[in-house]
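Visitor: What follows is each chain in one-letter form.
Number of protein chains: 4
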Amino acid sequence: MSDIEIARAAAIKPITEIAGRLEIPVDSLMPYGHTKAKVSLDYIDTLSEKPDGRLILVTAITPTPAGEGKTTTSVGLNDGLNKIGKKAMVCLREPSLGPCFGMKGGAAGGGYAQVIPMEDINLHFTGDFHAITSAHSLLSALIDNHIYWGNAAGFDTRRVSWRRVVDMNDRSLREITSSLGGVSNGYPREDGFDITVASEVMAIFCLSRNLEDLQERLGRVVVGYTHEREPIRAEAVLAPGPMTVLLKDALAPNLVQTLEHNPAFIHGGPFANIAHGCNSVIATRTALKLADYVVTEAGFGADLGAEKFLDIKCRSAGFSPDVVVLVATVRALKMHGGAGKDELTNENVEAVRSGCANMIRHIENLKQFGLPVVVAVNQFSADTPAELKVVADMAAEQGVKAIDASHWANGGNGTSELAQEVVKLADSGSSQFGTLYPDEMPIWDKIRTIATKLYRATRIHEQTIANPI
Amino acid sequence: MSDIEIARAAAIKPITEIAGRLEIPVDSLMPYGHTKAKVSLDYIDTLSEKPDGRLILVTAITPTPAGEGKTTTSVGLNDGLNKIGKKAMVCLREPSLGPCFGMKGGAAGGGYAQVIPMEDINLHFTGDFHAITSAHSLLSALIDNHIYWGNAAGFDTRRVSWRRVVDMNDRSLREITSSLGGVSNGYPREDGFDITVASEVMAIFCLSRNLEDLQERLGRVVVGYTHEREPIRAEAVLAPGPMTVLLKDALAPNLVQTLEHNPAFIHGGPFANIAHGCNSVIATRTALKLADYVVTEAGFGADLGAEKFLDIKCRSAGFSPDVVVLVATVRALKMHGGAGKDELTNENVEAVRSGCANMIRHIENLKQFGLPVVVAVNQFSADTPAELKVVADMAAEQGVKAIDASHWANGGNGTSELAQEVVKLADSGSSQFGTLYPDEMPIWDKIRTIATKLYRATRIHEQTIANPI
Amino acid sequence: MSDIEIARAAAIKPITEIAGRLEIPVDSLMPYGHTKAKVSLDYIDTLSEKPDGRLILVTAITPTPAGEGKTTTSVGLNDGLNKIGKKAMVCLREPSLGPCFGMKGGAAGGGYAQVIPMEDINLHFTGDFHAITSAHSLLSALIDNHIYWGNAAGFDTRRVSWRRVVDMNDRSLREITSSLGGVSNGYPREDGFDITVASEVMAIFCLSRNLEDLQERLGRVVVGYTHEREPIRAEAVLAPGPMTVLLKDALAPNLVQTLEHNPAFIHGGPFANIAHGCNSVIATRTALKLADYVVTEAGFGADLGAEKFLDIKCRSAGFSPDVVVLVATVRALKMHGGAGKDELTNENVEAVRSGCANMIRHIENLKQFGLPVVVAVNQFSADTPAELKVVADMAAEQGVKAIDASHWANGGNGTSELAQEVVKLADSGSSQFGTLYPDEMPIWDKIRTIATKLYRATRIHEQTIANPI
Amino acid sequence: MSDIEIARAAAIKPITEIAGRLEIPVDSLMPYGHTKAKVSLDYIDTLSEKPDGRLILVTAITPTPAGEGKTTTSVGLNDGLNKIGKKAMVCLREPSLGPCFGMKGGAAGGGYAQVIPMEDINLHFTGDFHAITSAHSLLSALIDNHIYWGNAAGFDTRRVSWRRVVDMNDRSLREITSSLGGVSNGYPREDGFDITVASEVMAIFCLSRNLEDLQERLGRVVVGYTHEREPIRAEAVLAPGPMTVLLKDALAPNLVQTLEHNPAFIHGGPFANIAHGCNSVIATRTALKLADYVVTEAGFGADLGAEKFLDIKCRSAGFSPDVVVLVATVRALKMHGGAGKDELTNENVEAVRSGCANMIRHIENLKQFGLPVVVAVNQFSADTPAELKVVADMAAEQGVKAIDASHWANGGNGTSELAQEVVKLADSGSSQFGTLYPDEMPIWDKIRTIATKLYRATRIHEQTIANPI
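Protein chains in written order, with the working numbering: chain A, 11 to 479; chain B, 11 to 479; chain C, 11 to 479; chain D, 11 to 479.
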């Protein structure tokens with residue numbers, strides 16, 4: 011059965027039942043149909059004094075075309091934790107409509123480790139991305155309108171840096187000339203559209219603690235420059251208030267369930283390649299209040315994605331992870347070891363061994379943050395015992411366990427051993443989390459720190475751009 | 011108290027309670043929070059054998075800056091019908107986000123005749139317009155993508171007639187040049203954005219009977235022309251299927267309540283100045299199954315708005331209205347009679363008498379459709395007995411009652427007399443509805459019929475455009 | 011033999027010999043090759059005290075696809091005047107390179123009534139149009155440069171009214187967006203190119219008396235508007251000086267010869283459909299000093315072209331024409347009388363008679379300016395005696411002679427009779443030239459005067475444009 | 011006196027007199043006014059059997075803001091050669107109108123070593139650049155017209171590589187979107203204007219041997235690509251014929267004089283930074299037939315400019331230079347040696363010595379081409395004997411004479427010694443000219459040869475561009 015067939019065939023419980031297990035009052039749950047709901051911000055405020063659960067980060071080795079299964083493992087681990095009797099939930103990112111209609115497909119796990127209702131999640135879901143698109147577009151319109159009606163803020167029309175967004179993959183809007191058609195349509199400009207997940211509103215939305223914080227952050231966004239190259243911010247065009255009105259419902263986190271009816275928050279989704287790439291701070295914080303164990307994931311590999319999760323999101327929100335799960339697959343390690351994409355079903359112990367260098371480097375990197383690590387080997391049917399043993403041995407040399415996980419085929423039953431180890435490490439108190447650099451460090455020093463410590467660069471080349479705008 | 015203060019102060023009942031009065035099963039109700047819900051299309055299918063209620067059209071005299079209150083009267087009449095013991099509901103259009111953030115404000119009635127939750131209705135509501143924007147944008151992207159990947163359909167890139175939409179008032183996007191930035195961004199074109207309510211998808215959405223009909227209609231949309239000026243339709247770029255997927259939830263009608271807790275459908279909202287300007291066929295049809303009396307409104311005055319409602323929507327859906335309510339105000343008639351905008355609070359019986367010519371013309375027009383008419387005089391505090399008497403006398407000369415209605419101040423209590431008359435006319439069986447022209451009439455003859463019969467033109471000037479595209 | 015074969019086969023004399031007959035000193039003649047020369051502006055200044063010769067305007071009936079031959083008749087008449095022993099010359103417009111490479115072809119007469127060297131004249135000639143293009147382009151560049159460097163004059167960039175020009179028919183430059191490509195390329199604007207002959211510099215060039223007058227006029231050109239809609243003139247961007255430097259050689263008139271070696275000035279060529287459409291004032295004035303009879307032509311028919319020549323050029327330069335030659339052909343009159351384009355070689359006396367209404371109206375119009383008129387019937391081989399007689403009779407009824415002229419076939423010998431009549435009328439002193447309206451008349455009254463007196467309109471519809479820029 | 015004052019004050023002789031000294035028949039001279047003339051192509055054809063004179067290349071050390079005076083030295087050397095009794099002439103490039111009206115100023119030598127009439131040369135001159143602009147624009151128009159009328163050649167409109175040109179510095183035209191304004195204006199494209207001297211027509215014009223060669227070369231120009239990325243050439247739009255018609259007069263070289271009335275050809279002017287940067291082959295070839303010694307210059311320093319002159323122009327035309335004059339100044343060498351721009355009037359022998367490394371490298375480079383070299387030290391008043399001695403000594407170490415030249419102050423008298431040495435070397439027969447690489451060498455090998463031999467690169471990095479168009 012394909013992912014979508016499994017998802018469609020699944021029995022799904024009323025979201026009120028899932029919420030009930032988390033003791034969320036019915037009045038604090040805003041339903042969107044019968045199987046999706048938002049948890050009200052007012053209710054979330056009442057949880058502030060509750061102690062936090064354990065925070066479990068799922069990250070991965072460097073991605074290959076072979077696939078690693080980070081989201082799938084996050085969902086499967088959550089099911090495994092529940093299976094062994096823990097009160098656990100998972101926090102994921104919302105998928106973008108644009109790539110979903112492009113070649114990339116949806117993003118709700120796979121096999122027997124999925125979140126449902128899968129189609130709803132991949133389409134409009136609860137309208138969060140539409141709200142973010144609207145808020146972004148409102149700011150765009152306010153800027154050009156401000157210029158049209160006299161330009162009191164003094165925008166240099168060539169230096170409006172706030173681009174537009176649309177939640178669609180549309181190459182023809184990447185670069186446009188706007189305000190054509192005569193005097194009444196404004197001052198022609200070179201402009202363009204990004205995809206909504208690349209909006210700065212998306213990144214801000216995911217880092218905000220509450221509506222006040224959101225509005226305050228929106229006001230600080232630089233949207234353009236004067237002829238003297240002084241920055242102009244969104245507050246200059248009176249945008250933050252109405253933008254926040256458009257985002258007020260969206261900011262409440264979305265509750266859904268896994269195929270095994272365990273709770274999941276899916277909320278926010280900034281582009282990992284240009285922003286921090288994690289689900290919302292509000293969702294993670296709420297999950298930590300509602301569950302004893304909270305699984306969440308970061309974008310791409312442990313260098314890029316985990317680094318941003320730890321240095322940006324955790325710093326900003328005050329989170330302190332208790333354990334890191336590093337997802338690897340034999341297939342991907344084989345590719346890192348030099349095997350071709352069409353040779354992955356043949357046993358190749360040497361390639362796996364050689365590819366484990368990648369895994370080891372990520373383990374070393376994660377230890378620099380003071381975090382205990384466990385490797386989850388996301389199983390495929392072609393994996394051989396000899397190959398799996400190599401992975402386990404290589405991890406063991408780093409003092410780290412590598413545990414096979416078969417959630418794709420077996421759901422939560424496939425991650426019981428992993429879940430036990432995760433709980434053990436998380437409860438051990440061995441985490442001594444620290445960010446890689448202090449926030450007050452100058453920008454070039456931050457870049458140097460990341461480049462040399464994580465990416466093992468020898469040095470960086472500081473290039474000051476003469477005319478950056 | 012302002013409209014928004016009244017709306018915010020209102021007690022609001024759970025939407026399940028409103029639905030319960032209409033005997034809609036809980037499972038057939040898809041909630042969006044606790045006070046909005048969609049009625050499932052599957053449930054609607056089960057109602058097909060039920061008899062229809064009476065259909066009451068609310069229209070108005072020619073609009074003036076003084077305001078007539080068509081939506082407010084529709085809401086108030088619904089409350090009046092319920093007040094006198096009838097099972098009634100009202101069907102309205104959804105407001106557009108763009109003008110809402112512009113100068114125009116929301117569109118949910120006024121005073122004590124409003125639909126609630128008013129703010130939600132004026133913002134994202136249940137996401138219908140976002141879905142329509144997404145479906146429209148998907149077609150836009152598919153067209154340019156089709157051209158990019160070889161243009162098998164043979165588009166003349168200068169003759170792509172499908173413009174883009176955004177649900178925002180943004181003058182700078184009215185005319186743009188797209189696909190700039192080099193080979194990989196496609197073939198540069200002159201393009202532009204309309205507001206979402208002006209999308210042809212919106213018009214189609216509101217005329218469709220069900221998802222199959224919607225998909226079929228979407229496939230027929232002309233999106234461009236070949237070099238030989240042959241039309242190319244949306245089906246050529248394989249758009250109808252995915253567009254329908256994006257619209258499948260939106261097509262279910264939205265249930266809310268009036269301030270007096272009477273049921274209201276708010277669903278669909280095509281631009282009255284370029285499309286037919288009425289709420290969705292699905293909402294009206296469902297209301298006719300659920301209630302004995304269904305109040306609905308048409309855009310602008312009785313010439314433009316009612317004509318489109320009758321000739322387009324009723325023809326297309328097979329509806330046959332039972333009675334028409336023509337909304338007038340003393341203020342507006344005074345303006346039609348020549349009074350200035352700042353003289354409207356002064357008694358001016360002669361101006362009212364003179365302005366009644368407008369009302370009479372609309373009564374004559376409506377009679378051409380074979381429909382019984384009642385005039386609703388939407389009261390303002392400055393109206394004097396002498397003025398109101400003139401309106402009643404002038405209407406009486408046409409064999410039509412003019413009834414004062416004070417719903418703005420008094421809610422349903424202010425429309426009891428109007429409701430009684432409406433019920434009497436609707437139940438009388440006196441309606442002999444017929445459209446103004448047969449559907450098979452050639453286009454120029456249709457235009458001539460409307461121009462001469464309704465607008466009283468002497469003749470029309472047929473001008474064939476040499477190069478229309 | 012085709013026109014170009016006749017022109018190439020012609021013996022051509024050194025331009026110094028032609029100039030010698032006009033007594034122009036060698037030092038005052040700036041040669042461009044051996045058969046073209048400019049007459050120096052310094053020398054022209056020395057002629058101011060000399061008496062003027064007679065000024066003969068050649069105009070035509072309303073143009074038809076059948077062709078009338080205005081330039082050919084002007085050249086032929088000049089040859090005829092010389093043939094009968096008069097010291098005469100002709101003043102013509104320079105052809106434009108753009109249409110020459112388009113479908114229209116050159117403009118140097120035809121048959122045995124041509125000016126030579128024909129190819130040079132139709133190509134770069136002495137570079138006048140290149141100089142005008144350069145001067146125009148310099149102003150364009152100065153405007154955008156002025157805006158780029160701080161915009162001290164306060165241009166509203168949407169209201170730069172000075173378009174660009176190129177001496178080429180190039181549809182793709184009609185409407186462009188300029189200043190794209192980032193900050194350093196300036197402020198994007200909607201712009202476009204006209205053909206050089208449509209440049210306001212061309213019109214000014216042709217009306218200027220000397221370099222000082224030229225520079226002063228260039229300075230007054232409105233090139234844009236401020237945000238307060240105040241006009242900004244070329245002098246604000248310091249353009250007039252360098253523009254005049256670029257035009258200083260071009261302003262000297264160009265001397266060439268006819269096939270019969272009679273002198274001709276070919277100088278300046280504003281577009282008749284948007285400007286006044288005559289050769290330069292300087293050329294005409296110089297010819298009046300150098301010759302006893304000066305033949306010149308105006309654009310299009312006598313309504314549009316002659317009206318502009320008389321009301322604009324003659325008024326501006328202080329010229330007073332002595333006689334008007336109205337060119338007609340039997341073929342064209344036949345078309346005005348209803349004959350089809352493919353029936354023109356069949357005798358059709360009635361069509362000619364009927365078409366003479368056009369000729370008569372032009373005669374009436376010209377008489378309103380107080381000018382004596384003679385009709386020149388430019389002969390074609392298919393013309394029949396009966397047809398020619400009708401034209402003569404109809405003209406005679408207006409007190410005007412219609413004289414057959416066969417210059418296309420016979421050169422100057424074919425226009426002897428016409429030349430005799432022209433001399434008689436010109437020398438008669440019967441001209442009582444006056445413009446159609448005084449210069450101080452308000453603009454709408456001027457338009458009304460022309461529309462009613464020349465075009466026989468009943469009234470004009472004054473429409474003030476609300477937002478004209 | 012400034013350069014322009016000296017030029018204006020100069021006595022100037024009739025160009026016929028200058029031509030007479032070269033024994034050019036009057037009929038073969040096409041005058042443009044009295045002091046400029048073109049030498050007819052027909053006459054040039056008659057010279058083919060005459061023996062060639064000596065070819066003297068003037069180049070320079072690496073340019074600095076201090077100025078070297080290459081054109082001035084070329085003019086001065088020509089005057090010096092004539093002064094010592096030789097029949098010599100100089101061949102220079104035509105200046106561009108655009109930069110002339112920009113900040114850069116004209117290009118006709120300086121001090122008492124100038125060509126005149128200086129203002130004419132710097133403005134329209136004989137119209138060559140206008141003709142090139144017209145020919146280029148015609149091709150531009152033909153391409154878009156070809157696409158408009160059905161695009162038989164199959165242009166991918168995104169891949170039209172032929173940009174437009176204008177002979178004006180106009181930043182706002184660098185990048186434009188063309189063909190806007192609807193269907194009848196064609197297919198919108200990203201386009202832009204270069205300056206005329208950067209036109210490929212200019213480069214071709216300067217390399218062509220005659221009109222046939224010109225037309226053939228024009229036909230080969232790649233103007234765009236099909237969707238399959240096959241090149242499309244100018245011949246596909248039937249451009250070469252009409253372009254050649256527009257260029258036929260321009261191709262004849264322009265004869266003017268130096269301040270000392272010695273003959274000079276000024277003809278053609280391709281941009282040295284993107285093309286080969288030398289005057290026309292036709293002018294140089296004609297000069298070699300008319301004079302015993304022909305001085306000509308190449309753009310920039312000896313690495314870039316002389317290399318292109320030798321490897322491109324000489325190879326293409328079959329020229330073999332007899333001697334190279336390497337222009338240096340004490341000021342410039344001082345800058346190369348590390349002195350600041352405001353220290354150049356202070357004696358600094360060490361800086362000069364150090365800077366001579368630059369001179370020596372150029373000497374070495376030139377010797378690789380098998381050419382004898384003499385250094386011309388273009389004198390400034392602040393040069394000290396000690397500084398001049400260092401230059402002479404350092405040159406001597408390379409077996410090369412460095413000779414002081416004071417033409418700026420003294421005209422031909424200031425270059426007598428230089429002229430004597432030049433004659434001695436040129437007549438010595440010691441030139442063993444060979445190009446740096448054979449023409450059939452693959453492109454990357456050519457680049458490697460130049461990079462390593464002239465620029466002393468260790469290696470080059472071959473980077474194949476994946477999608478070059």
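Calculated directly from the structure, the hints in this document are not laboratory data.
Be a bit skeptical, because a hint or two may be false.
Note: identical chains are not told apart, hence a pair may lie in one copy or across any two.
[Stated by the list, open to error] When the alpha-carbon atoms are kept at most 27 Å apart in a straight line, the in silico BS3-like pairs for lysine-lysine are as follows:
1. K46 / K97
2. K463 / K351
3. K23 / K411
4. K299 / K399
5. K463 / K299
6. K46 / K23
7. K96 / K258
Visitor: All hints are to be evaluated individually against the structure, with a verdict given for each.
Guide: Outcome of the hint check:
1. With identical chains, the CA atoms of K46 and K97 are at most 27 Å apart within one copy only, with a shortest distance of 20 Å there and 32 Å across copies.
2. Proximity of K463 and K351 under a CA criterion of 27 Å is satisfied in neither setting, with 31 Å inside one chain copy and 45 Å between copies.
3. In this assembly of identical chains, K23 and K411 lie within 27 Å of each other by CA distance neither inside one copy nor across copies; the values are 36 Å within and 56 Å between.
4. When the C-alpha separation of K299 and K399 is checked against a cutoff of 27 Å, the pair qualifies neither within a copy, at 38 Å, nor between copies, at 67 Å.
5. Taking identical chains as interchangeable, the C-alpha atoms of K463 and K299 are never at most 27 Å apart, the minima being 34 Å within one chain and 69 Å between chains.
6. In the homo-oligomer, the alpha carbons of K46 and K23 lie at most 27 Å apart both inside one protomer (10 Å) and across protomers (21 Å), since each shortest distance falls under that limit.
7. Taking CA atoms no more than 27 Å apart as the test, K96 paired with K258 passes in neither setting, with 33 Å inside one copy and 38 Å between copies.
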